[in-house]
Every structure is written in C-alpha cells, then in structure tokens.
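Chemist: For the protein sequence lines, the chains are A and B, in the order given. Just so you know, we're using the working numbering here: the first sequence kicks off at 1 and counts up by one. Just so you know, we're using the working numbering here: the second sequence kicks off at 1 and counts up by one.
Hints listed in this document are in silico derivations from the structure and should not be mistaken for laboratory results. Backbone N, C-alpha and C define an ideal beta-carbon position, used for all residues, glycine too. Heads up, some of the hints might be wrong.
Just a few of them, taken from the derived set where beta-carbon distance is under 10 Å, the chain B residues facing chain A [unchecked claim]:
hint, residue
1, Leu4
2, Ile18
3, Leu24
4, Ile26
5, Phe33
6, Val36
7, Tyr40
8, Ser44
9, Phe46
10, Arg48
11, Phe91
12, Leu248
13, Ser249
14, Pro250
15, Val253
Stretches of chain A that chain B covers, calculated by requiring three or more beta carbons in the stretch to come under 8 Å of a beta carbon on chain B [claimed, not checked]:
hint, stretch
16, 44-57
17, 81-89
Using C-beta positions, here's what the derived DEER-type ranges look like [claimed, not checked]:
hint, chain 1, residue 1, chain 2, residue 2, range
18, A, Asn89, B, Pro58, 49 to 59 Å
19, B, Phe46, A, Phe115, 28 to 38 Å
20, B, Leu59, A, Leu7, 21 to 31 Å
21, A, Ile19, B, Ile47, 12 to 22 Å
22, B, Val55, A, Phe26, 47 to 57 Å
23, B, Lys121, A, Ala28, 18 to 28 Å
24, B, Phe25, A, Leu6, 18 to 28 Å
25, B, Ala144, A, Phe26, 33 to 43 Å
26, A, Phe96, B, Pro58, 50 to 60 Å
27, A, Lys153, B, Arg61, 33 to 43 Å
28, B, Ile66, A, Asn89, 56 to 66 Å
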Amino acid sequence: MKLSELLFLTVIFVLLSFIDSQLNFFLAGFLIVSNITYLFLCYLCFRNPQKINSLFGAYIGFIIDLHQNVFFGLHASLFTLTILIINYNYFRLRMFSTLQTTLVFSFFTAFFFGFKSILLTTMNFQYLVVFLSFFSAFITYLFVPSLGKLLIKRTKL
Amino acid sequence: MARLPDKSSRFVLITTFIICSSFLFIDFRFGAFKPVQNFYNTSSIFIRVLSTEYVARPLYRSLSSIWDTRRAMEENQSLKEELNKQLIENFIISNKEILNTNIFLDVINFEKIDLKLLPAKVVSFDVNQYRCCDKHRMFLLPEASSDVDSFKVVINPEGIIGQTIKVNKSLFEVILLSDKSHKIPIQNENEFYCEASGLGIPKKIFCDVDLTIGERYFELDQMIFSSGLGGIFPKGIEIGSIYEIQDLSPKEVRIIIKLNADPLASNYFGVLQ
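Based on the provided sequences and hints, a complete structural model is requested.
Modeler: Right under this line is the structure:
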C-alpha cells in the first residue's frame, strides 16, 4: 500500500470513528449503536485482503484507540482478529450471497461490540444492546458497500 | 489448513494479533500506555486550540467584521437619510410662519394637516457638470408614489435648492438655482426687488441692477430673500447673501449672491407640494 493510500484511509477511518461517536451519542437512548467503522473495515478487508491485512488493521486499531481514548490495543486486537478470521474464511465467504455476507459481518459486529462492552462498560453491560447491535449492523452494512465505493473511488483499493 | 487469499504468512497474522492483544492486556492491567494516550490527547487538544485561536477565529472575525462593517455602513446610510428628512422637516417648521402666510402654499395650520412635503432621493447628479459647467440639474426619485408636477419648490435642510421639472410619474428633474437658465425673484430687507439668474457657478446667482431707475440700497453680506413674485417660490425664505457687487457700467451693477443651500450637502430633498 502506498503512503498516500495509507494516509487517505487513516483520515477516512478517523472520520468514520468520529461519525460513530456522534451517532452513538444520539442513539444511546434507543439502545442502538453505530459501528460504521468496523463494518467499513470488514468490507475493505473482504474486498481487498492483499492490502487490508492484519498490520493495517493493527495500525488503524491503534489510531482509533488513541482517538477514542480507550484501552490501547482494544480496537487493534479486535480488528486484527476480524481480519484474521476473514482471511482464514475468505474463499468460503466469497461463496456466500450478499445476504449471507451481511449476516456474517453483523455477527462479527455483535461480537466486536460485546467484547468492547465487557471491557469498557463492565458495570453496565447490556445484552439487549449487543443483541440490537446485530440488527443495526445488518441494516448499516446494506449501505456500507455504496459508502465504500464512494470513498475509495479514486484509489485502487 | 485454510488457504489464505494473500501472500502473507499465518505467522504474521497471528503474531500481529498476539502483539495487539499483549498491548491491550498490558494497558488494561498496568495502564502502561497512559502516557502515550495522554500525549496524543494533549497534542490533539493543543492543535485544536491552536487552529481555533490562530486560524479559525481570526478568519471568522475578519469575515464577521466585513459583514458588520457592511451592516454598519447600511445603518449609517439609513440614519443619515432619516436625519436629512428630519432636518428638512425642521427647516419647514422653522419657516412655518412664512409658509403659513404665503399665498402660494395652501397651508393654514401646519401642525394639524399634512406637511405636504414629499421626500425624494437623488438618483442622478452629475457633480462634475455642476462644478464645471452652466447646466446644474439633478434627478430625484420621490419616496412616495406621488405625481410631482413641474414648478414645485425643492428644499434641503439648508434652504431652497431649485424647482422641479416633471419627467415622468416616478422621476423628476430639478433645475438648481445656480443653473444658467434658472430665474428666481428676490428681494432684500430694503424693498429692493430683482429677478436673479443662475450664474452657472455652484451656489451663485446674480442680478443685474439698473441704477438709473431709482435709488437702491444694497451692500455686501446683506441677506437676500425670495420675493414670491414668480408664483413658484414662497415669499420671505432666506436665499443667501450678497457676495460681490460688480460695476458693469456707470449705470449698471451686477450683484452676485451666494446661496445658503448646497445641493451636495445631502442626498435627501423635500418637494413642497
């Protein structure tokens, strides 16, 4: 990956993280969480696993950890794990239909959010939010490919 | 063993994950990366404050100052116009008695009835021509949609400016007192009457006096009033004062009168209807 592409993607991920935090501020009352950043990473990794590898996931994860001021390595390890799983099941996922892929990534999102919640909101962990995050991710992922195509139109990712 | 899509080995994938997890564990357990996070936070806050204080705010201030200046100028202009209107009304009020007794103005009770003063704004005035040449004209636009006929008196806060010439329903021309082709009947306190013409010089009119007709009493700086004989201008309004007396011949002198009212003093004028 070129340095310009790396910087471009870094900016996009930081922006998406910011949008996520802003959306979560409004959606908190409805027990819904926004995970556009994570779904975007899943989409990119699934689209181009050669470039979006575990090192990139770790890098972006650390950046988001710093940006969101959470435990250092939280996003990095979860992003790396996700990329690892997608890489290990890449050809299997390729065989899936769009709906199945969306379901898988929604499941990943629920797991991601659940794990994050355990570490970040230990005293206030809610299964309902984790459960609803699956559905919200399902709906969100319907728009993520369009968003991804729009954002990375000029790069060769 | 599952086949991987890229050339990177499983070792890299798993090692990266293990390293990240180790980082997470160390930070979670010991808070080892707090200084890094604090550094990042302070840096981002510093950059944010710096960009706000030295880039965004000055830019916003300059933009808003441009906007404020424009608004202040517009407000200043409107206040000036209001002040001019008020000054014209004051002029009318200060000359109320003269106007009330004047046969040409149908004003009996000035306070109770309408002032019959139509405010008008300058739309075109060739100042260069006014300063250089004989033709002293300006075009005014009345504020109210009212017909302005010809031969109406135009005043500003300093006094009489000229009279109207109808152009169309919404526009009229004003021939200034100093215009070469303009004439105004005048008098002084000593019952000296004369028909003064425009000199073609700003704020100057003149009057040629034949000394053979009778004895005349006039001197420099003597006040000159409108006589009201022409049927257009009201009687007894102060026009100006004698500026110069030139001897044209042993039996004839030219009195040059300096007018009180300067048409350049304001953009607003009143038309006495």
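Chemist: So, for every hint listed, does it hold in this structure?
Modeler: Do the hints match the structure? See the list:
1. For Leu4/B, the interface hint holds, the least distance from its beta-carbon to any beta-carbon of chain A being 5 Å, beneath 10 Å.
2. The interface hint given for Ile18/B holds, since its Cβ lies 9 Å from the closest Cβ of chain A, which is under the 10 Å cut-off.
3. The criterion of a C-beta within 10 Å of any C-beta in chain A is met by Leu24/B, whose closest approach is roughly 3 Å, and the hint holds.
4. With its C-beta approaching chain A no nearer than about 8 Å, Ile26/B sits inside the 10 Å limit, and its interface hint holds.
5. Interface restraint check for Phe33/B: the shortest CB-CB distance to chain A comes to about 4 Å, inside 10 Å, so the restraint holds.
6. Taking 10 Å as the C-beta contact cut-off toward chain A, the hint placing Val36/B at the interface holds, the least distance being around 6 Å.
7. Against a cut-off of 10 Å between C-beta atoms, the interface hint on Tyr40/B holds, since the closest Cβ of chain A lies about 4 Å away.
8. A least Cβ separation of about 8 Å between Ser44/B and chain A falls short of the 10 Å threshold, and the interface hint therefore holds.
9. The interface hint given for Phe46/B is broken, as the beta carbon of that residue sits about 15 Å from the closest beta carbon of chain A, more than 10 Å.
10. The restraint placing Arg48/B at the interface with chain A is violated, with a minimum CB-CB distance near 13 Å, outside the 10 Å limit.
11. A least Cβ separation of about 63 Å between Phe91/B and chain A goes past the 10 Å threshold, and the interface hint is therefore violated.
12. Violation of the interface hint for Leu248/B is found here, the shortest Cβ-Cβ separation to chain A being roughly 89 Å, above the 10 Å cut-off.
13. The closest approach between the C-beta of Ser249/B and any C-beta of chain A is roughly 93 Å, which is over the 10 Å cut-off, so the hint fails.
14. Proximity of Pro250/B to chain A is violated relative to the hint, the smallest CB-CB distance being about 97 Å (cut-off 10 Å).
15. Hint on Val253/B is violated. Least Cβ distance to chain A is approximately 89 Å, over the 10 Å limit.
16. Evaluation of the coverage hint for the stretch 44-57 of chain A: fulfilled, as 6 residues show C-beta separations to chain B shorter than 8 Å, against a requirement of three.
17. Under a criterion of three residues with beta carbons nearer than 8 Å to beta carbons of chain B, the stated coverage of the stretch 81-89 of chain A is upheld, 6 such residues being counted.
18. The given range of 49 to 59 Å is respected by Asn89/A and Pro58/B, whose C-beta atoms sit roughly 54 Å from each other.
19. For Phe46/B and Phe115/A, the hinted distance range of 28 to 38 Å is satisfied, since their beta carbons lie about 33 Å from each other.
20. At about 25 Å, the beta-carbon gap between Leu59/B and Leu7/A stays in the expected band of 21 to 31 Å.
21. Hint check: Ile19/A to Ile47/B, Cβ distance near 20 Å, so the stated range 12 to 22 Å holds.
22. The given range of 47 to 57 Å is broken by Val55/B and Phe26/A, whose C-beta atoms sit roughly 29 Å from each other.
23. Taking the beta carbon of each, Lys121/B and Ala28/A are about 59 Å apart, not inside 18 to 28 Å as hinted.
24. Distance hint check: the CB atoms of Phe25/B and Leu6/A are about 27 Å apart, consistent with the given range 18 to 28 Å.
25. In this structure the supplied range 33 to 43 Å is violated for Ala144/B paired with Phe26/A, their Cβ-Cβ distance being about 54 Å.
26. Under the hint 50 to 60 Å, the C-beta atoms of Phe96/A and Pro58/B, about 54 Å apart, fit the expected range.
27. For the hinted restraint 33 to 43 Å between Lys153/A and Arg61/B, the CB-CB distance of approximately 37 Å keeps it satisfied.
28. A beta carbon spacing of about 59 Å between Ile66/B and Asn89/A agrees with the range 56 to 66 Å that was offered as a hint.
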